[in-house]
Amino acid sequence: AQTVTQSQPEMSVQEAETVTLSCTYDTSENNYYLFWYKQPPSRQMILVIRQEAYKQQNATENRFSVNFQKAAKSFSLKISDSQLGDTAMYFCAFLDRKKTSGSRLTFGEGTQLTVNP
Amino acid sequence: GAVVSQHPSRVICKSGTSVKIECRSLDFQATTMFWYRQFPKQSLMLMATSNEGSKATYEQGVEKDKFLINHASLTLSTLTVTSAHPEDSSFYICSAAPGPYQETQYFGPGTRLLVL
Numbered sequence: 001a002q003t004v005t006q007s008q009p010e011m012s013v014q015e016a017e018t019v020t021l022s023c024t025y026d027t028s029e030n031n032y033y034l035f036w037y038k039q040p041p042s043r044q045m046i047l048v049i050r051q052e053a054y055k056q057q058n059a060t061e062n063r064f065s066v067n068f069q070k071a072a073k074s075f076s077l078k079i080s081d082s083q084l085g086d087t088a089m090y091f092c093a094f095l096d097r098k099k100t101s102g103s104r105l106t107f108g109e110g111t112q113l114t115v116n117p
Numbered sequence: 001g002a003v004v005s006q007h008p009s010r011v012i013c014k015s016g017t018s019v020k021i022e023c024r025s026l027d028f029q030a031t032t033m034f035w036y037r038q039f040p041k042q043s044l045m046l047m048a049t050s051n052e053g054s055k056a057t058y059e060q061g062v063e064k065d066k067f068l069i070n071h072a073s074l075t076l077s078t079l080t081v082t083s084a085h086p087e088d089s090s091f092y093i094c095s096a097a098p099g100p101y102q103e104t105q106y107f108g109p110g111t112r113l114l115v116l
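The listed protein sequences derive, respectively, from chains X and W.
Just so we're aligned: 86 in this note's numbering is position 86 of the first sequence, and the numbers increase by one with no gaps anywhere.
Just so we're aligned: 27 in this note's numbering is position 27 of the second sequence, and the numbers increase by one with no gaps anywhere.
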């Protein structure tokens, strides 16, 4: 079974600064996806960024980028130029790519990020 | 982008009653839908996976007779909490995947259930 670990329950950052959220995972699979989801106070889950394991290049979406270290099974999220609207719970998630047996998302415990003005 | 709706957004019921929560994919067909449960300040826990036209697959520890899932069409899945009790109070979230590998999942806004 896959496990996802987020070792930082809470983090805070000043507006306009950069913050990095950590995530490690454990799997015996070779073909999988990794995600960062954001859950603001509204509790709507929002996809922030996605990484395919077979791609070595780190995914980037505007101010959000990841540092994917496959051998180390590490998948950190960097948020640049933090904005007040980035305040949310951030979940790291793993999905194994199995068509026949059914894929499932495994979530980490979450990191509550607060952006301070 | 793709939109998933849930209804109701919030429900309060008496202990012993049953509650039905609907999950709809509004602008795409979902081969697979997922139901999650989230307690305050905790992560999402997968309860079950439903595929259109077939029985749902429940995660270990989830009572299938307690949480009835019906995926009657490619755009609708329902979760019925039968004989609800206060410990069933939680936030229930569905997601829908348009593709066979479920690498893209769109989440509904969630349903807050309070059982008195």
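No lab work stands behind these hints: they were computed from the structure.
One should not assume that every hint holds.
[Claimed, not checked] Straight-line Cα separation of at most 30 angstroms, DSS-like style, residue types lysine-lysine; simulated pairs: (1) W:K41 to X:K70; (2) X:K78 to W:K41; (3) W:K20 to W:K64.
[Unchecked claim] Here chain W is said to cover these stretches of chain X; the calculated rule only asks that three of the stretch's residues, wherever they fall, bring their Cβ under 8 angstroms from a Cβ of chain W: (4) 38-44; (5) 70-77.
Here a beta-carbon is modelled for each residue, glycine too, at the ideal position from N, C-alpha and C.
Quick rundown of the hints versus the structure:
no.: 1; hint: W:K41 to X:K70; verdict: holds, 29 angstroms
no.: 2; hint: X:K78 to W:K41; verdict: holds, 22 angstroms
no.: 3; hint: W:K20 to W:K64; verdict: holds, 14 angstroms
no.: 4; hint: 38-44; verdict: holds (count 3)
no.: 5; hint: 70-77; verdict: violated (count 0)
Violation of the numbered hints given earlier is confined to hint 5; every other hint is satisfied by the structure.
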